[in-house]
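Engineer: Numbering (the numbering used here), first residue to last: 1 to 350.
No false leads were mixed into what you were given.
Distance condition first, Cα-Cα at most 27 Å in a straight line; then the derived DSS-like pairs of lysine-lysine:
#, residue 1, residue 2
1, 218, 268
2, 69, 102
3, 305, 317
4, 41, 102
5, 207, 229
6, 305, 82
7, 137, 169
No wet-lab data here; the hints were simulated from the structure.
Being a predicted model, the structure only gives us computed values, none of them experimental.
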Amino acid sequence: MTEPVVAIALSGGVDSLVAGFLIKKAYKKVLGIHFTTGYEKLPTPIHSIENQLGLPVHTIDLSDSFEEKVVQYFMATYLEGKTPNPCLICNQQIKFGVLLEKAGELGADVIATGHYATIVNSLSFPDKTILHPWLEKGADPLKDQSYFLSLLSADQLERIIFPLAGFTKSRVRALAKENNLMPISPAESQDICFIQDTSFSQFIIAKKQISPKQGSIKDMTGKIVGIHKGLHAFTIGQRRGIDCPASEPYYVRHIDLSTNTLVVCFKKDLAQTQMLVDKIIWNYPSTTKGTETMEVTTKIRYSHKGAASRLVRNGAKGQVRFDEPQFSITPGQAAVFYQENRVLGAGIIQ
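Just need the whole structure built from these sequences, with the hints factored in.
Structural biologist: Next up, the structure:
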């Protein structure tokens, strides 16, 4: 097998610098790429990255694609009364979509990043025949990012390298110190990079130039308990911002766009035993072309530990039944299905 040309994505943070350092040690043909979204406060000092790693870094403007595929998706989903996860879409559509294509135009065969996750493909296991690449958790359980990468297809996974797969964050920091790698953006990246000095709702109001519309806040019995200032400011399971006095705190239970109503409940009422999932990206051999039932561990958000469940899947649609009730199941978020460390697939909660 001919050694590939590897493009290493470099943000300037410690993870990407160490990933670049490891890639340069492992491969002869390496180039750096840095992409911009149009939401950066200050330009990144690319020369510092080049000097530290001793390789050329190409800056690629992806602001148009980022606005179209990530920011517009984020706002549209919120305005539908759902809770988006822009990091998953950015990984699928931008970092391992458009950026991978741009890297190919520069002569790269594959792309590497500083993500904490494991890919089993012909690049990571060159001595084995890997017919169908798959994703697994990273070695550091506190930093594992497989949830955010779960919508990647097998074709995408075949062209990706994660050099930090077997590393803990503490080991990465130690490697940086040992090799005099100085991050040019020392702070950890934010969950939503394009919202920096404002709230979700303020960002959407400013971008969409919409006027918030007041409406009723109702409890589970239909009784009006307050007035909200706009449904776009709420997500399922949210406690902050409801501001309605009661015997215990209220949480958002349902967002009814048709009547502009916010339905609230007490924490115990947030528990659910099942949910529907759509737009499933499946990455595990199926035993049937029809309905398939599997015992899986399902994560309903990044911070969720995962819950034992049964998935009944038919193509891109599925129903999940949990062994134990789960709190704050949120439409718009991703449901990621695991068996031990392996990601079987993922879809969007309905």
